[in-house]
Amino acid sequence: MKKTDREELLRCIDTTSFAVDDVILYLDTHPHDKAALEFYEKVSALRKQAIEEYTTHFGPLTKDMVKPTNKWTWINDPWPWEMER
Amino acid sequence: MWIYEKRLQYPVKITSTNPKMAQIIMSQFGGPDGELAASMRYLSQRYAMPYKEVTGILTDIGTEELAHMEIVNAIIYQLTKNLSVDEIKASGFDKYYVDHTLGQWPASASGTPFTATYFQSKGDPITDLNEDLAAEQKARTTYDNILRLIKDPEIADPIKFLREREVVHYQRFGEALRIVQDKLDSRNFYAFNPAFDKPKFK
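Sequence order for the protein chains is A and B.
Residues in the first sequence are numbered from 1 upward in steps of one, following our numbering.
Residues in the second sequence are numbered from 1001 upward in steps of one, following our numbering.
None of these hints come from the bench; they were simulated from the model.
Ideal Cβ positions, reconstructed from N, Cα and C, are used throughout, including at glycine.
Do not rely on the hints blindly, as some may be mistaken.
To be verified - Calculated pairs, DSS-like style, for lysine-lysine (alpha carbon to alpha carbon, straight line, at most 30 Å):
1. A:K63 to B:K1183
2. A:K48 to B:K1122
3. B:K1020 to A:K48
4. A:K48 to B:K1013
5. B:K1122 to B:K1081
6. B:K1006 to A:K2
7. B:K1020 to B:K1160
8. A:K71 to B:K1160
9. A:K34 to B:K1183
Stated by the list, open to error - Beta-carbon label-pair distances, calculated as ranges:
10. A:P68 to B:S1016: 20 to 28 Å
11. B:K1183 to A:K67: 45 to 53 Å
12. A:L37 to B:T1059: 16 to 24 Å
13. B:Y1190 to A:I75: 18 to 26 Å
14. A:M83 to B:K1122: 40 to 48 Å
15. B:G1174 to A:L37: 16 to 24 Å
16. B:Y1047 to A:D5: 29 to 37 Å
17. A:I75 to B:G1103: 36 to 44 Å
18. B:N1082 to A:N76: 34 to 42 Å
19. B:Q1120 to A:D5: 43 to 51 Å
Please put together the full structure from these sequences, using the hints given.
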């Protein structure tokens, strides 16, 4: 996969994750809101799917997602604050 | 328990350095209304919070503030990357550089070190939530002040995202305060500490 694919996938993870970040705050103070519960389910599934795809091609985003290889890929560049994304 | 995700909550991509602006933005890392104080405030307040909705919101906003701190750190990192000594001298960044080189240390724009006295954890849900509402407004004011000093859209873009989140958090804390007040009754008309003072008669 190309660098542009990586950027696109990361953008997809960022947007779906943000949707999750935002709706969970709303659900904390509106725990019975049916529309928000459905929205959470939808965006949470999209986020999981994007993370799974990213991890397969470009390396782990969390400690649980390090694929078995002969090298510890968790420490690979770039770290999030480095611009090469 | 926290799990690190190797990405920023909002992307930061700044192509030219600006140490003067870095020193100003640093206030939102270790200053009086910065993201470090915000995160520590909400995460510390959780233990005396008897209402599950509010414990949830303190946990989730406190966690998001950690991600905001990392965004601020990323902005500072990119604004100060590979600076030359001449650039450091010309920009006035020399007073920070002498103690920290290009490392990041939590302080305000004026150089005052981070301190726990920037926030309060009072063990009273109503007192704490009023502090939280004020904190979100103070952070929003600070981001507005920063945005008036910034012309570069690459820097302004993530700052605008952070400013917007203060507005949303203020809204959620307002709802949290309403939830707490709804649980008070006629025996606690003056809103004394509902986490500590138990009703004397029934």
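Subject >> Pair hint K48 of chain A and K1122 of chain B, alpha-carbon separation not exceeding 30 Å >> reply: violated (38 Å)
Subject >> Assessment of proposed distance window 29 to 37 Å (beta carbons of Y1047 of chain B, D5 of chain A) >> reply: Cβ of Y1047 of chain B to Cβ of D5 of chain A: about 45 Å, so the range 29 to 37 Å is violated.
**OP:** Starting from the range 18 to 26 Å, see whether the pair Y1190 of chain B and I75 of chain A falls in it by beta-carbon distance.
**Re:** violated (56 Å)
**OP:** Evaluate the given range 43 to 51 Å for the C-beta pair formed by Q1120 of chain B and D5 of chain A.
**Re:** Since the Cβ atoms of Q1120 of chain B and D5 of chain A sit about 47 Å apart, the hinted range of 43 to 51 Å holds.
Original post:
Honestly, do I75 of chain A and G1103 of chain B meet the 36 to 44 Å range at C-beta?
Top reply: Violated, since I75 of chain A and G1103 of chain B (Cβ atoms, about 20 Å apart) do not stay within the stated range.
Subject >> Restraint check for K48 of chain A with K1013 of chain B, where alpha carbons must lie at most 30 Å apart >> reply: holds (25 Å)
Original post:
Is the hinted pair K1020 of chain B and K48 of chain A satisfied, with a Cα-Cα distance of at most 30 Å?
Top reply: violated (40 Å)
Original post:
Given the hinted pair K1020 of chain B and K1160 of chain B, is their alpha-carbon gap at most 30 Å?
Top reply: holds (19 Å)
**OP:** Starting from the hint 45 to 53 Å, judge whether the C-beta atoms of K1183 of chain B and K67 of chain A obey it.
**Re:** Hint holds: Cβ distance 48 Å, inside 45 to 53 Å.
Original post:
Is the Cα-Cα distance between K71 of chain A and K1160 of chain B 30 Å or less?
Top reply: Answer violated: K71 of chain A to K1160 of chain B is near 39 Å, above 30 Å.
Original post:
Quick one: are P68 of chain A and S1016 of chain B within 20 to 28 Å, going by C-beta?
Top reply: Because 41 Å falls outside the window, the suggested range is violated.
Subject >> Straight-line alpha-carbon gap K63 of chain A to K1183 of chain B, limit 30 Å >> reply: Status violated; Cα separation ~41 Å.
Violated hints, listed in ascending order, are 1, 2, 3, 5, 8, 10, 13, 16, 17 and 18; each of the other numbered hints is respected by the structure.
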